[in-house]
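Student: Next come the chains, spelled out residue by residue.
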Amino acid sequence: MVVIIVTTPPEEWWAFAIYACFLGAVAVASRLPFTFILKRMLIVVPFVIVVAIFLPFTAGGEAIYHLGPLAVSKEGLLSLWNVTAKSMLAVSSMVLLSSTTPFPHLMHAFERLHVPSFFTQIASFMYRYLFLIVDEAQRMKRAIEARNYRGRWLWQSKAIGNVIASLFLRSQERSERVYQAMCARGFEGSFPGGKESSMRLRDCAFTALTLGCALAGRLVTIWK
Amino acid sequence: MEVTPMDSKIAIRVSNLNFTYPDGTPALRGVFLTVRKGESLGIMGPNGAGKSTLALHLNGILQGEGEVEIMGLPINKKNLKEIRRKVGFVFQDPDDQLFCPTVREDVAFGPLNMGLAPDVVEWAVGRSLAWVGMEGSEDRSPHHMSFGEKKRVALATVLSMEPEILVLDEPVANLDPQGRREFINLVKSLDVTKVIVSHDISLNEEVCNRIAVMDKGKIVAEGPTSKILEEKAFLLEHGLA
Chain S
0 MVVIIVTTPP EEWWAFAIYA CFLGAVAVAS RLPFTFILKR MLIVVPFVIV VAIFLPFTAG
60 GEAIYHLGPL AVSKEGLLSL WNVTAKSMLA VSSMVLLSST TPFPHLMHAF ERLHVPSFFT
120 QIASFMYRYL FLIVDEAQRM KRAIEARNYR GRWLWQSKAI GNVIASLFLR SQERSERVYQ
180 AMCARGFEGS FPGGKESSMR LRDCAFTALT LGCALAGRLV TIWK
Chain X
0 MEVTPMDSKI AIRVSNLNFT YPDGTPALRG VFLTVRKGES LGIMGPNGAG KSTLALHLNG
60 ILQGEGEVEI MGLPINKKNL KEIRRKVGFV FQDPDDQLFC PTVREDVAFG PLNMGLAPDV
120 VEWAVGRSLA WVGMEGSEDR SPHHMSFGEK KRVALATVLS MEPEILVLDE PVANLDPQGR
180 REFINLVKSL DVTKVIVSHD ISLNEEVCNR IAVMDKGKIV AEGPTSKILE EKAFLLEHGL
240 A
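The listed protein sequences correspond, in order, to chains S and X. Quick note on numbering that gives the first Met the number 0: the first sequence kicks off at 0 and runs consecutively. Quick note on numbering that gives the first Met the number 0: the second sequence kicks off at 0 and runs consecutively.
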């Protein structure tokens, strides 16, 4: 869906309308609070603004509007619309996916799609241990602050280097202990297959609907 | 200790075990130890005495020079799988032991590695979690659990393999008094051979019937719990009192 959205030409208003309707319907069906989705979508807004704010003025082309000394071009406005609409639609579909699907299910789904288990395992471990590493970093930060460290001057950067180095060491030691714990329970190099969740009729229907909407958006484009 | 190697009542037999870490630090210097079936042995000793290193030899995670026999099986490549099923190892930090995104996957990890059928595994997961009083938490993520809960789930991850010997490395370190009490009662209720590595005297007093004291890579004393703990001067000498 994200790929389809991003590759749609910017002038295809109808295609964007179809995508938006579809995502809106999914959002309603997911029973997520509306404000929750909106808040998550806002994360990308700063990036969009930084990119978009210059686009109408710098994209060149024929000036259709004058804002003081600045000329606003049609091409610029179009690419502003392009960036905003696409990023919003793409982000909202990612928000919907990640907040309706627990991370482990996502990983299993990737495995079923034949993503090499190497990648899914790395992602799983990252998801499990990232928070621990962040906690550890925060504890160390507190510990150096407790000794009156402010990190304001260049010569104090050595302490940051030490923190990073010891984070690396601690993570490496932990990975060794985790590996030992895995071996202790009979790990022999590959992950045992868990309970398979089978694809039900509803899942098929949803996949068909998603593909249908994406296809409809594309058809509108070609049709013209 | 006079026992023949053929004695079927022996759970663990360690003889003349030596181990040096890759960086050259000697950790074990000639350890002899025998644990009978059904016994609860406490291994006490100051930090750096080699307690955890010895424990890691009991299911072949570390393999030093010397002999280690579990339930009559010497530890070697051929027996390793069988021995790791028989010996359940609970690590000190439950975050090392719980590496899966959900509790279910973690508790199922051992049984799946043993090659059990999925429905049998699911049943074993439910039963193990019930044993440790964590039933119904299959879909929770370990990251969002309290330390005491993580500790109990870590125990469940080895109970699901139905071990005959349980090795616990510092089982109550960092637990609050209530968590500590619950965990001790839980361990006491399990009817298996236990090896408990700890420098916590009251834990050993409560759970273990026999104690081995380690210092500088050797076992310096061994005997019934009450007798060892009576020797205050001896414990003081080895940094345990």
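Hints were generated in silico from the structure; no laboratory data involved. It is possible that part of the hints are untrue.
[Unchecked claim] Straight-line C-alpha distance at most 25 Å; calculated DMTMM-like pairs for lysine to aspartate or glutamate: (1) K149/X x D134/S; (2) K8/X x E181/X; (3) K80/X x D134/S; (4) K149/X x E144/S; (5) K36/X x D190/X.
The structure displayed is predicted, hence computed values, not measured ones.
Student: Does each hint fit the structure? Answer for all of them.
Tutor: Status of each hint after checking the structure:
no. : hint            : in the structure
1   : K149/X x D134/S : holds (16 Å)
2   : K8/X x E181/X   : violated (30 Å)
3   : K80/X x D134/S  : violated (35 Å)
4   : K149/X x E144/S : violated (30 Å)
5   : K36/X x D190/X  : holds (10 Å)
In the structure shown, a violation is registered for the earlier hints numbered 2, 3, 4, in ascending order.
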